[in-house]
Amino acid sequence: EAGVVQSPRYKIIEKKQPVAFWCNPISGHNTLYWYRQNLGQGPELLIRYENEEAVDDSQLPKDRFSAERLKGVDSTLKIQPAELGDSAVYLCASSQTRGFTYEQYFGPGTRLTVT
Amino acid sequence: KQEVTQIPAALSVPEGENLVLNCSFTDSAIYNLQWFRQDPGKGLTSLLLIQSSQREQTSGRLNASLDKSSGRSTLYIAASQPGDSATYLCAVSPNRDDKIIFGKGTRLHILP
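Heads up: the sequence lines are chains A and B, in that order.
Count along the first sequence from 1, then add 3; that gives the number in the numbering used here.
Count along the second sequence from 1, then add 191; that gives the number in the numbering used here.
Here chain A stands alone, though its shape is the one from the complex (with noise of 0.2 Å):
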């Protein structure tokens, strides 16, 4: 079975850029997350998607981040435009809930480096 797949690894922007990370879950995970994990911190959730609904955005900086799940399968995040604050490992993890249990799966992430 495949893993999350994330692109690019990395990728490094200047401030001001636009940028945009893609994730394709496991094949039937209908919930997807993308988390942003500054260095020596844990990761924070940004999103939260079920199937193409946003269901939880309400750490996603609204102004300049925004993100799509069309046809609830791959995912965008976008970032227009980049802060040197935004320079973080920005991962995607995706859930099948099975019954009272679930376990997310991460992808290796996309390292953003804004200079």
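You can take every hint at face value.
Which residues of chain A face chain B? A partial, calculated answer using Cβ under 10 Å:
1. R12
2. Y36
3. Y38
4. Q44
5. P46
6. L48
7. D59
8. E106
9. Y108
10. F109
11. P111
Derived lysine-lysine pairs resembling DSBU-like cross-links, with alpha carbons at most 35 Å apart:
12. K14/A - K233/B
13. K74/A - K290/B
14. K14/A - K65/A
15. K81/A - K192/B
16. K18/A - K81/A
17. K81/A - K14/A
18. K295/B - K14/A
19. K233/B - K74/A
20. K19/A - K81/A
21. K74/A - K14/A
22. K81/A - K290/B
23. K192/B - K65/A
Hints were generated in silico from the structure; no laboratory data involved.
Computed from a predicted model, the values in this text were never measured in an experiment.
Glycine residues also receive a C-beta, built at the ideal position from the N, C-alpha and C atoms.
With chain A's structure known, arrange chain B on it following the hints.
Frame of chain A; chain B shown alone:
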């Protein structure tokens, strides 16, 4: 607001030793607790998931315990190996709605 704390932040031990990583959380009303492993430059791998009704889970040389009333969990690693070197993250879910709150992790280094 739920907060998750992991102590120590970093730990170095000789190969072969047994060790314990600690996790504490401020609100005992949790749905479940997970321990993850993160290797440098890689994503997270779920190691053990403990439901709120459970006391412990075991997988190979790993054993995780949960004491909800005291807001604590421990991850026990037996007979440590250099390949165990990684960052270990504890995370709690307040409810079934899937939101996970992570600790900052413990960086573990096993000395050959």
